[in-house]
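A.B. asks: Protein chains in written order, with my numbering: chain A, 5 to 314; chain B, 5 to 314; chain C, 5 to 314.
Rather than coming from a laboratory, the hints here were simulated on the basis of the structure. Please note that the accuracy of each hint is not assured.
Pairs involving identical chains hold if they fit within one copy or between any two copies, as the list cannot separate such chains.
Simulated pairs of lysine to any residue, SDA-like, Cα-Cα distance not exceeding 25 Å [said to hold, decoys possible]:
#, residue 1, residue 2
1, Lys86, Pro54
2, Lys86, Lys244
3, Lys14, Phe52
4, Lys86, Gly131
5, Lys86, Glu53
Note that the structure is a prediction, hence the values are computed from the model and not measured.
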Amino acid sequence: MRHDHLITSKQLSRADVETVLDRAAEIDADPTAVEDRHAGSLLGLLFFEPSTRTKMSFETAMKRLGGDVVDMGSIESSSVKKGETLADTVRVIEGYADALVLRHPKQGAATMASEFVDVPLLNAGDGAGHHPTQTLLDLYTIRQNAGLEDLTIGIMGDLKYGRTVHSLAYALTNFDARQHFVSPESLRLPREVVYDLHQAGNGAGIREHESLEEVLPSLDVLYVTRIQRERFPDENEYQKVAGEYQIDLETLEAADDDLTVMHPLPRVDEIAPEIDDTEYAAYFEQAHNGVPVRMALLDLLLSNGGDDDE
Amino acid sequence: MRHDHLITSKQLSRADVETVLDRAAEIDADPTAVEDRHAGSLLGLLFFEPSTRTKMSFETAMKRLGGDVVDMGSIESSSVKKGETLADTVRVIEGYADALVLRHPKQGAATMASEFVDVPLLNAGDGAGHHPTQTLLDLYTIRQNAGLEDLTIGIMGDLKYGRTVHSLAYALTNFDARQHFVSPESLRLPREVVYDLHQAGNGAGIREHESLEEVLPSLDVLYVTRIQRERFPDENEYQKVAGEYQIDLETLEAADDDLTVMHPLPRVDEIAPEIDDTEYAAYFEQAHNGVPVRMALLDLLLSNGGDDDE
Amino acid sequence: MRHDHLITSKQLSRADVETVLDRAAEIDADPTAVEDRHAGSLLGLLFFEPSTRTKMSFETAMKRLGGDVVDMGSIESSSVKKGETLADTVRVIEGYADALVLRHPKQGAATMASEFVDVPLLNAGDGAGHHPTQTLLDLYTIRQNAGLEDLTIGIMGDLKYGRTVHSLAYALTNFDARQHFVSPESLRLPREVVYDLHQAGNGAGIREHESLEEVLPSLDVLYVTRIQRERFPDENEYQKVAGEYQIDLETLEAADDDLTVMHPLPRVDEIAPEIDDTEYAAYFEQAHNGVPVRMALLDLLLSNGGDDDE
Numbered sequence: 005m006r007h008d009h010l011i012t013s014k015q016l017s018r019a020d021v022e023t024v025l026d027r028a029a030e031i032d033a034d035p036t037a038v039e040d041r042h043a044g045s046l047l048g049l050l051f052f053e054p055s056t057r058t059k060m061s062f063e064t065a066m067k068r069l070g071g072d073v074v075d076m077g078s079i080e081s082s083s084v085k086k087g088e089t090l091a092d093t094v095r096v097i098e099g100y101a102d103a104l105v106l107r108h109p110k111q112g113a114a115t116m117a118s119e120f121v122d123v124p125l126l127n128a129g130d131g132a133g134h135h136p137t138q139t140l141l142d143l144y145t146i147r148q149n150a151g152l153e154d155l156t157i158g159i160m161g162d163l164k165y166g167r168t169v170h171s172l173a174y175a176l177t178n179f180d181a182r183q184h185f186v187s188p189e190s191l192r193l194p195r196e197v198v199y200d201l202h203q204a205g206n207g208a209g210i211r212e213h214e215s216l217e218e219v220l221p222s223l224d225v226l227y228v229t230r231i232q233r234e235r236f237p238d239e240n241e242y243q244k245v246a247g248e249y250q251i252d253l254e255t256l257e258a259a260d261d262d263l264t265v266m267h268p269l270p271r272v273d274e275i276a277p278e279i280d281d282t283e284y285a286a287y288f289e290q291a292h293n294g295v296p297v298r299m300a301l302l303d304l305l306l307s308n309g310g311d312d313d314e
Numbered sequence: 005m006r007h008d009h010l011i012t013s014k015q016l017s018r019a020d021v022e023t024v025l026d027r028a029a030e031i032d033a034d035p036t037a038v039e040d041r042h043a044g045s046l047l048g049l050l051f052f053e054p055s056t057r058t059k060m061s062f063e064t065a066m067k068r069l070g071g072d073v074v075d076m077g078s079i080e081s082s083s084v085k086k087g088e089t090l091a092d093t094v095r096v097i098e099g100y101a102d103a104l105v106l107r108h109p110k111q112g113a114a115t116m117a118s119e120f121v122d123v124p125l126l127n128a129g130d131g132a133g134h135h136p137t138q139t140l141l142d143l144y145t146i147r148q149n150a151g152l153e154d155l156t157i158g159i160m161g162d163l164k165y166g167r168t169v170h171s172l173a174y175a176l177t178n179f180d181a182r183q184h185f186v187s188p189e190s191l192r193l194p195r196e197v198v199y200d201l202h203q204a205g206n207g208a209g210i211r212e213h214e215s216l217e218e219v220l221p222s223l224d225v226l227y228v229t230r231i232q233r234e235r236f237p238d239e240n241e242y243q244k245v246a247g248e249y250q251i252d253l254e255t256l257e258a259a260d261d262d263l264t265v266m267h268p269l270p271r272v273d274e275i276a277p278e279i280d281d282t283e284y285a286a287y288f289e290q291a292h293n294g295v296p297v298r299m300a301l302l303d304l305l306l307s308n309g310g311d312d313d314e
Numbered sequence: 005m006r007h008d009h010l011i012t013s014k015q016l017s018r019a020d021v022e023t024v025l026d027r028a029a030e031i032d033a034d035p036t037a038v039e040d041r042h043a044g045s046l047l048g049l050l051f052f053e054p055s056t057r058t059k060m061s062f063e064t065a066m067k068r069l070g071g072d073v074v075d076m077g078s079i080e081s082s083s084v085k086k087g088e089t090l091a092d093t094v095r096v097i098e099g100y101a102d103a104l105v106l107r108h109p110k111q112g113a114a115t116m117a118s119e120f121v122d123v124p125l126l127n128a129g130d131g132a133g134h135h136p137t138q139t140l141l142d143l144y145t146i147r148q149n150a151g152l153e154d155l156t157i158g159i160m161g162d163l164k165y166g167r168t169v170h171s172l173a174y175a176l177t178n179f180d181a182r183q184h185f186v187s188p189e190s191l192r193l194p195r196e197v198v199y200d201l202h203q204a205g206n207g208a209g210i211r212e213h214e215s216l217e218e219v220l221p222s223l224d225v226l227y228v229t230r231i232q233r234e235r236f237p238d239e240n241e242y243q244k245v246a247g248e249y250q251i252d253l254e255t256l257e258a259a260d261d262d263l264t265v266m267h268p269l270p271r272v273d274e275i276a277p278e279i280d281d282t283e284y285a286a287y288f289e290q291a292h293n294g295v296p297v298r299m300a301l302l303d304l305l306l307s308n309g310g311d312d313d314e
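This is chain A alone, in the form it adopts within the complex (with noise of 0.2 Å):
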């Protein structure tokens, strides 16, 4: 790794990819050999929106390796409601941590933020911009079920909010994936990621469809994510759409039988449960996945600082 932050996975290159999935794999292979490695080290988290399984899963990893992390909690406990600007608040917290992880609802915070410390920022999440760190579990996942090279892969549901989908799709480009893109007109990859998936593409094939029927026979990877009500005025109209975007085993009938299919969780009703314990479902996987490769991406932040503990 290059780069002391890790705020887009636009900024990750192929080599950089293959450099934390291999260490993940390591890790994974066995997890004892670094039980120690960063004991002694602290992770600062900074959630400025609620989070359940990054969170958890950066706070694991951290335990893992040996090390520990301080919580600044959640903002109503916090001095931002005292008006404090993100730029004071990550400098005080600095002070504290090795590391920080920070998670924002305003686009452009972890840039903003990781030109005011000089400790490794990871983004886990800023608005509607990038979420690297699920790109980089999401690229694990799939090399492990379906492999990276010559990869078709179908992204279902909602492609227009979704940053998780900007953040694996970008990073796709970097394999020659072929990306089906699936969803609602209402809900299509807005037209500036369609542009820049197409400037980066190097040939790869970017489609987009409304129904998923035509392109699942094809498919390595199916990715379906959450249709949020909220995005609706009308609830029938929310039904409607939520209904098509639905996978059971009926739907899998026409799938290929190594079909994997993935979702970045929590899930509502997108994906039914009786396909929970088939050998499509990865989910549960890619969820726990989160685990070695945020060990891995910390080992390699924390390895590369100052003190050169490597």
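Given chain A, work out where chains B and C should sit, using these hints.
C.D. replies: For chains B and C alone, kept in the frame of chain A given last:
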């Protein structure tokens, strides 16, 4: 312990209880002997309801064994707000931890959740259901103060809604204790609990009373619980009932000098502060016993696991 | 340290302060020397009021000493909501921890609580009362930047309600500092604080001013505090007052080149960001100093304890 999950005190045989209590006594006698015993292990905390002492004492217990915790945090900041099911939440968090502790407002939640996870799950209270680790620390406190053999115990207060009371009463049938239940008519033990106690009671005497007076002199232990204001539609009715089930030094003049007074805490007015510094009071000791008892339990469950590190 | 509890800066002699500050300097110079020093020790955090930096820096300090914390969490999720008294809460949590840190909205809460516990209790702020660990890190910052000998300090802003200011002012009487208090008429030091300072002042000069201008050139240190909007019934009145007590580069043209500007943070508009990167600014360093100073304090208190592990 033959069990991977601890859901209810009903699943514990007399031998199981004694195994945990003996281990707790060993740990109490020499806590430093286990201070690194579960280094590297993580306990996942899932509290869907507020808790101070149960959560903190699990956390303390795990840390006193050299381990650490990962905490889901309040449900306000979690994926539950996004509509995630409990089954999904526990399957995700299972990936972060070596054992789970669950508190949930719905009766039966722990049983259901335990069916979805492979790591040991401990029920820390499921609605009006069970709270078996509270029962174990209650039994430990009774054993230290009055002994579990030939025990006469009075259990007083809100016997209708208190899961603590039901769990304890079931467990005491293992020890042939004489149990006197003292409550206002409106807060008597549920009939099904009484029935179950008689079924399990192998000769033990189960008696119900409306007044403490008639049984107090015969008691080795008086276990007081809080009468909750919110159970009463009428404030005057509450005041009248609550006032009758309060303990002070004058009340205890009729008691045996060796009487042990217990309370699961928090208390409001049920026990006068003047009792705190007397030989009767065991309720702070009881709260503190949560640590060695939960250490013993975690030690037994984690040592039972796949890698068999004992 | 001769004290088991730290409640107020008034209880600290000059020798006490120097013991803590010297230990903090040792730790700052070589933090790795103490990184396992209190392994196995637990610090109980009881914050009945929101706090970011005090709580996080106590947590960081304890973890940098190899120890860990158990946190009561927010009062919304605690037994306090069920009507438990502070005396009961601290007696329960005492059973989990080797020392306690308490922040509470009521003045005198720390003194009261300390009477119920046997482990060391540190006051992290009790309403308009005291905040002695803030004072110690302020003194440490002053000593590092300007020295505590022959000091001339200006303390500006809300001098009426700020416990930080009162604690610091008392402590500085130990060092015969010249103290200039600069505030609007409505936010002057309370008369009883001025009286106490004169009583304790052994010759030190205590002066009050409405304008910074007349004293700025003579200052070694300028300690700025936030003027809270909610103190003013009238928004216009607030704007007028707040505007007069703001510092920017133009203000500091009249100051000595070696002036050190401090602030307990969070700031709102009191200090212009253009000062952040100048030699004047010591407020982020001041925040970071919370860690070594609290490490020193915890080390002294925990090493003092019954088992005498020093």
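A.B. asks: Run every hint past the structure and note whether it holds.
C.D. replies: Verification of the hints:
Proximity of Lys86 and Pro54 under a CA criterion of 25 Å is satisfied in both settings, with 19 Å inside one chain copy and 10 Å between copies. In this homomeric assembly, Lys86 and Lys244 come within 25 Å of each other (Cα to Cα) only across copies, at 19 Å, whereas the closest approach inside a single copy is 44 Å. When the C-alpha separation of Lys14 and Phe52 is checked against a cutoff of 25 Å, the pair qualifies only within one copy, where the shortest distance is 23 Å, while the shortest distance between copies is 38 Å. Taking the shortest alpha-carbon separations for Lys86 and Gly131, both the intra-copy value of 22 Å and the inter-copy value of 16 Å come in at or below 25 Å.
For a Cα distance limit of 25 Å, the shortest separation of Lys86 from Glu53 qualifies both inside one copy, at 17 Å, and across copies, at 13 Å.
No hint from the list above goes unmet by this structure.
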